[in-house]
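Protein chains in written order, with my numbering: chain A, 1 to 113; chain B, 1 to 110.
It is worth saying that the hints were derived from the structure and are not from the lab. Among these hints, one or two may not hold up.
[To be verified] Calculated pairs, DSSO-like style, for lysine-lysine (alpha carbon to alpha carbon, straight line, at most 30 angstroms):
#, chain 1, residue 1, chain 2, residue 2
1, A, LYS70, B, LYS42
2, A, LYS57, A, LYS70
3, B, LYS42, B, LYS59
4, B, LYS69, A, LYS57
5, B, LYS42, B, LYS79
6, B, LYS42, A, LYS14
7, A, LYS14, A, LYS70
8, B, LYS68, B, LYS57
9, A, LYS71, B, LYS42
10, B, LYS69, B, LYS57
11, B, LYS79, B, LYS69
12, A, LYS71, A, LYS9
13, A, LYS57, A, LYS9
14, B, LYS59, B, LYS79
15, B, LYS42, A, LYS83
16, A, LYS9, A, LYS70
17, B, LYS63, B, LYS42
18, A, LYS9, B, LYS42
19, A, LYS14, A, LYS57
20, B, LYS42, A, LYS57
21, A, LYS9, A, LYS83
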Amino acid sequence: DGGITQSPKYLFRKEGQNVTLSCEQNLNHDAMYWYRQDPGQGLRLIYYSQIVNDFQKGDIAEGYSVSREKKESFPLTVTSAQKNPTAFYLCASSIAGSNEKLFFGSGTQLSVL
Amino acid sequence: EDQVTQSPEALRLQEGESSSLNCSYTVSGLRGLFWYRQDPGKGPEFLFTLYSAGEEKEKERLKATLTKKESFLHITAPKPEDSATYLCAVRAGGTDKLIFGTGTRLQVFP
Numbered sequence: 001d002g003g004i005t006q007s008p009k010y011l012f013r014k015e016g017q018n019v020t021l022s023c024e025q026n027l028n029h030d031a032m033y034w035y036r037q038d039p040g041q042g043l044r045l046i047y048y049s050q051i052v053n054d055f056q057k058g059d060i061a062e063g064y065s066v067s068r069e070k071k072e073s074f075p076l077t078v079t080s081a082q083k084n085p086t087a088f089y090l091c092a093s094s095i096a097g098s099n100e101k102l103f104f105g106s107g108t109q110l111s112v113l
Numbered sequence: 001e002d003q004v005t006q007s008p009e010a011l012r013l014q015e016g017e018s019s020s021l022n023c024s025y026t027v028s029g030l031r032g033l034f035w036y037r038q039d040p041g042k043g044p045e046f047l048f049t050l051y052s053a054g055e056e057k058e059k060e061r062l063k064a065t066l067t068k069k070e071s072f073l074h075i076t077a078p079k080p081e082d083s084a085t086y087l088c089a090v091r092a093g094g095t096d097k098l099i100f101g102t103g104t105r106l107q108v109f110p
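Please work from the sequences and hints to get the whole structure.
Structure (structure tokens):
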């Protein structure tokens with residue numbers, strides 16, 4: 001079955017540590033996205049990529065980094081510069097340049113130890 | 001600035017009690033309005049896309065409508081399994097990204 005796989009489901013970060021969230025899709029989509037979800041707030045866009053080896057900052061990119069070396073993969077690194085990383089992180093993909101819906105993964109809950 | 005506002009924040013319904021959720025938006029060049037359902041601890045699940053004012057879409061007990069300023073998600077005779085958070089999002093002209101509202105948390109009691 002085609003879809004988006006996020007791992008791990010739960011992740012804990014220590015002070016000063018960088019952590020990487022995985023996102024893999026087999027939908028053959030060019031566009032991929034990372035959103036952050038906090039209680040009582042809408043999904044906020046961190047980074048997005050419309051093609052391999054290219055990505056753009058979203059609304060809250062500070063303290064995060066991404067790479068897009070393969071079409072199928074769009075990992076997100078939460079760096080030590082992100083002072084409030086506790087949130088639910090969602091990866092999504094879509095057909096680039098279309099008006100089609102986004103498909104979402106099942107999310108990663110990141111907490112600070 | 002593009003913006004999406006959903007109301008109410010939370011809604012409690014008795015099973016069978018119909019109601020509507022609202023999504024108002026201000027966006028430059030609406031390319032589409034999307035409704036998603038999200039269960040706790042899971043990713044959003046797609047429900048509908050609406051592209052132009054006057055358009056309506058239906059799926060089981062849900063019906064989505066769109067005007068030039070807002071969209072409604074009507075829930076007819078809801079069941080407990082309809083309990084979830086319903087998210088609205090818009091796509092503006094010249095971009096692929098979606099802008100989300102804060103959602104409406106719906107609880108349906110037997």
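Structure-based check of each hint:
Among the hinted pairs, A:LYS70 with B:LYS42 is consistent with the structure: their alpha-carbon atoms are about 25 angstroms apart, no more than 30 angstroms. The suggested pairing of A:LYS57 with A:LYS70 holds, with an alpha-carbon distance near 18 angstroms, which does not exceed 30 angstroms. At most 30 angstroms may separate the alpha-carbon atoms for a hinted pair to count; B:LYS42 and B:LYS59 meet this at roughly 21 angstroms. With a CA separation close to 28 angstroms, the supplied pair B:LYS69 and A:LYS57 stays within the 30 angstroms bound.
Using a Cα cut-off of 30 angstroms, the hinted pair B:LYS42 and B:LYS79 holds, with the two alpha carbons roughly 20 angstroms apart. The hinted pair formed by B:LYS42 and A:LYS14 meets the criterion: a straight-line CA distance of about 24 angstroms does not exceed 30 angstroms. Between the alpha carbons of A:LYS14 and A:LYS70 the distance comes to roughly 29 angstroms, so the proposed pair stays at or under 30 angstroms and holds. Annotation: proposed proximity of B:LYS68 to B:LYS57 holds, straight-line Cα distance about 16 angstroms (limit 30 angstroms).
The suggested pairing of A:LYS71 with B:LYS42 holds, with an alpha-carbon distance near 24 angstroms, which does not exceed 30 angstroms. A threshold of 30 angstroms between alpha carbons decides the hint, and for B:LYS69 with B:LYS57 the separation of about 17 angstroms falls inside it, so the pair holds. Using a Cα cut-off of 30 angstroms, the hinted pair B:LYS79 and B:LYS69 holds, with the two alpha carbons roughly 29 angstroms apart. This hinted pair checks out: A:LYS71 and A:LYS9 have alpha carbons roughly 22 angstroms apart, not beyond 30 angstroms.
As the CA atoms of A:LYS57 and A:LYS9 are separated by approximately 24 angstroms, the hinted pair is consistent with the 30 angstroms bound. This hinted pair checks out: B:LYS59 and B:LYS79 have alpha carbons roughly 14 angstroms apart, not beyond 30 angstroms. For the hint pairing B:LYS42 with A:LYS83, the CA-to-CA distance comes to about 24 angstroms; that is within 30 angstroms, so the pair holds. Taking the CA atoms of A:LYS9 and A:LYS70, the gap is about 22 angstroms. The hint holds against a cut of 30 angstroms.
With a C-alpha separation of about 23 angstroms, the suggested pairing of B:LYS63 with B:LYS42 holds against the 30 angstroms cut-off. Restraint check: the Cα-Cα separation between A:LYS9 and B:LYS42 comes to about 10 angstroms, which is no more than 30 angstroms; the hinted pair holds. For the hint linking A:LYS14 to A:LYS57, the alpha-carbon distance of about 25 angstroms falls within 30 angstroms, and the restraint holds. With a CA separation close to 24 angstroms, the supplied pair B:LYS42 and A:LYS57 stays within the 30 angstroms bound.
A threshold of 30 angstroms between alpha carbons decides the hint, and for A:LYS9 with A:LYS83 the separation of about 21 angstroms falls inside it, so the pair holds.
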